[in-house]
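J.: Assemble the whole structure, with the sequences as input and the hints as a guide.
Number of protein chains: 2
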Amino acid sequence: MEIKKLEELLKIKTEKKMRLAVVACHDEEVLGAVVEAEKLGIAEPILIGDKKKTDLIAKEKGIDISNYELIDEEDLNMSAEIGVKMVSTGKANFIMKGLVDTSILLKAVLNKEWGLRTDSLLSHVMIYDIPSYSKLIYLTDGGMNLQPSLEDKVKIIENAVTVVKSLGKEEVKVACLAAKEKVDPKMTATVDADELKNKYIKGDFSKGTIVDGPMALDLAVSKSSAEIKGYKSSVAGDADVLLVPNIEMGNGIGKSITYFADGKSAGIVMGAKAPIVLVSRADDHEAKLYSIALGSAVAAFKE
Amino acid sequence: MEIKKLEELLKIKTEKKMRLAVVACHDEEVLGAVVEAEKLGIAEPILIGDKKKTDLIAKEKGIDISNYELIDEEDLNMSAEIGVKMVSTGKANFIMKGLVDTSILLKAVLNKEWGLRTDSLLSHVMIYDIPSYSKLIYLTDGGMNLQPSLEDKVKIIENAVTVVKSLGKEEVKVACLAAKEKVDPKMTATVDADELKNKYIKGDFSKGTIVDGPMALDLAVSKSSAEIKGYKSSVAGDADVLLVPNIEMGNGIGKSITYFADGKSAGIVMGAKAPIVLVSRADDHEAKLYSIALGSAVAAFKE
Chain A
0 MEIKKLEELL
10 KIKTEKKMRL
20 AVVACHDEEV
30 LGAVVEAEKL
40 GIAEPILIGD
50 KKKTDLIAKE
60 KGIDISNYEL
70 IDEEDLNMSA
80 EIGVKMVSTG
90 KANFIMKGLV
100 DTSILLKAVL
110 NKEWGLRTDS
120 LLSHVMIYDI
130 PSYSKLIYLT
140 DGGMNLQPSL
150 EDKVKIIENA
160 VTVVKSLGKE
170 EVKVACLAAK
180 EKVDPKMTAT
190 VDADELKNKY
200 IKGDFSKGTI
210 VDGPMALDLA
220 VSKSSAEIKG
230 YKSSVAGDAD
240 VLLVPNIEMG
250 NGIGKSITYF
260 ADGKSAGIVM
270 GAKAPIVLVS
280 RADDHEAKLY
290 SIALGSAVAA
300 FKE
Chain B
0 MEIKKLEELL
10 KIKTEKKMRL
20 AVVACHDEEV
30 LGAVVEAEKL
40 GIAEPILIGD
50 KKKTDLIAKE
60 KGIDISNYEL
70 IDEEDLNMSA
80 EIGVKMVSTG
90 KANFIMKGLV
100 DTSILLKAVL
110 NKEWGLRTDS
120 LLSHVMIYDI
130 PSYSKLIYLT
140 DGGMNLQPSL
150 EDKVKIIENA
160 VTVVKSLGKE
170 EVKVACLAAK
180 EKVDPKMTAT
190 VDADELKNKY
200 IKGDFSKGTI
210 VDGPMALDLA
220 VSKSSAEIKG
230 YKSSVAGDAD
240 VLLVPNIEMG
250 NGIGKSITYF
260 ADGKSAGIVM
270 GAKAPIVLVS
280 RADDHEAKLY
290 SIALGSAVAA
300 FKE
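First to last, the sequence lines map onto chains A and B.
No gaps in the numbering here: position 121 of the first sequence is 120 in numbering that gives the first Met the number 0, and each next residue is one more.
No gaps in the numbering here: position 57 of the second sequence is 56 in numbering that gives the first Met the number 0, and each next residue is one more.
Keep in mind the hints are simulated off the structure, nothing from the lab.
In this text the structure is predicted, and so the values were computed from the model without any measurement.
Ideal Cβ placement from N, Cα and C applies to all residues, glycine included.
Where hints are given, some of them may not hold.
[Claimed, not checked] Covered by chain A, according to a simulated footprint, are these stretches of chain B (three or more residues, beta-carbon under 8 Å):
1) 122-136
2) 170-178
3) 184-195
4) 210-219
5) 224-230
6) 240-252
7) 260-270
T.: Quick look at the structure:
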């Protein structure tokens, strides 16, 4: 079943309940979100963190955590290591960042001995549900990769395509964004987009993926804009994935959607053996829940 | 009087009527827009272009151009030269691109002998009127400068500040955007934003300008997001000007506003002796009129 609205994420029933390792769980917001996710049947949390602090938060906030496994570990690096090892040994299916720096968690994820490395690249995928747009938009990468190379972009696209497919869509249209449609050697975004399109034509991308570009955002999401500019493409006006050439463009589009267009969102880090849920303090409660549900859906798809 | 909505642009009465040199006027949409602008009392067009084609368009579309000066010139380079010289000799106050490549018009504008060069840099300023945001947003530069240097950014900010002041605002808040708030040597956008802030503190910007950054878009336009992240700044949540570090971010934010947030817009090129109106085919009729009215207001302010 294809997910067309983010709220449908909360209703996905994975075949097995996915187990979520929560690294540094002693955070009020994170604890609240994972417990609610469990109650909604989205995931089964395994809490890793400072037990004293966690118990105190649970008591103060009236959150019942008595039914969950809680591994007492004050040290943040050790918490990350325990969480990552749980995933690599199959005890957990995905992982979530609690009150710990992203860099500590990712260092553990990328550990060469016991981490979750793959041949891919870690990349961030945001899903936006925009009242004024007819389908979900998958934006990548406005969070991790500053100015990805052509090879990086191939991996970033594949990571995003996996997310789209996890939510039930079999044909995935990828728009490689730039500031214009003409290939201009002074604008790497346009040159790379053209190369990515050529790679698609050669059959380099996974099945069901259609890649086109360079195109500016208007062509990716508006059929009438594409018509006016005479831009013919099956991706134009109907993009699922928006690949951005730099983190600033991704961040700018994403935040425009949230702050100007009242969009809802969910986010996930892809490219490791299991999806990684990284929520921001500025995310509202709903966004945190959506991200956990997204992680669960992707983890189940990868099983 | 401060303009707070784009529609108010159409009601500005400049002391003298500003004269608009229209380069390559033989274009249906451009002709329609300048004639309507004249009828609304916004500007007085001087048409330069292919007279035969222009007359034919006027006849077919029922546009009465009998009262306007029309200089017959088929050659596009010559049309641009005539238009630019009209401005440099004071016969026109601003200039608009018709059916001619932007590069031809700008080459004439930048001509060292008779062009409209200044010590500044040509830069593009878009104004957005967003239903969900309480004030006008001035976005620069999502159209001309690919990846401006620090010195370029100073000029780009000053150009935008002139536009804001032309519309009656005396205090201008400038947010130097990046993907995050922390200065990171790997991200030029953050380093430059920090430098621009320091230049502001040293008093390098024109009177009434406040510059802050680096900040991501959410902090620039949302007070609550700034509070959650503990970011203290008089610009945060109240930015007039959004300075972007690269053309992709500017283009992405601008088009997100237009296509996802139903924003209206007007655009202008600054940095020459007179404002330059460049409209895109994809702009609707209203956007073209707003841009002409904006050009007129800026031209009157510069007088």
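J.: If a hint holds in the structure, say so; if it doesn't, say that too.
T.: Structure-based check of all given hints:
1. Evaluation of the coverage hint for the region 122-136 of chain B: fulfilled, as 3 residues show C-beta separations to chain A shorter than 8 Å, against a requirement of three.
2. With 3 residues having a beta carbon nearer than 8 Å to a beta carbon of chain A, the region 170-178 of chain B meets the requirement of three or more and the stated coverage holds.
3. Coverage of a stretch by a chain is defined here by at least three residues with a beta carbon nearer than 8 Å to that chain's beta carbons; for the region 184-195 of chain B and chain A the count is 3, and the condition holds.
4. Here's how the region 210-219 of chain B fares: 3 of its residues keep a CB closer than 8 Å to some CB of chain A, so the rule of at least three is met and the hint holds.
5. Look at the region 224-230 of chain B against chain A: 3 of its residues bring a Cβ nearer than 8 Å to a Cβ of that chain, three or more, so the hint holds.
6. For the region 240-252 of chain B, the proposed coverage by chain A is satisfied: 10 residues have a C-beta within less than 8 Å of a C-beta in that chain, meeting the threshold of three.
7. Coverage of the region 260-270 of chain B by chain A holds. Counting CB-CB distances below 8 Å, 3 residues qualify, and the rule asks for three or more.
Against the hints set out earlier in the document, no violation occurs for any number.
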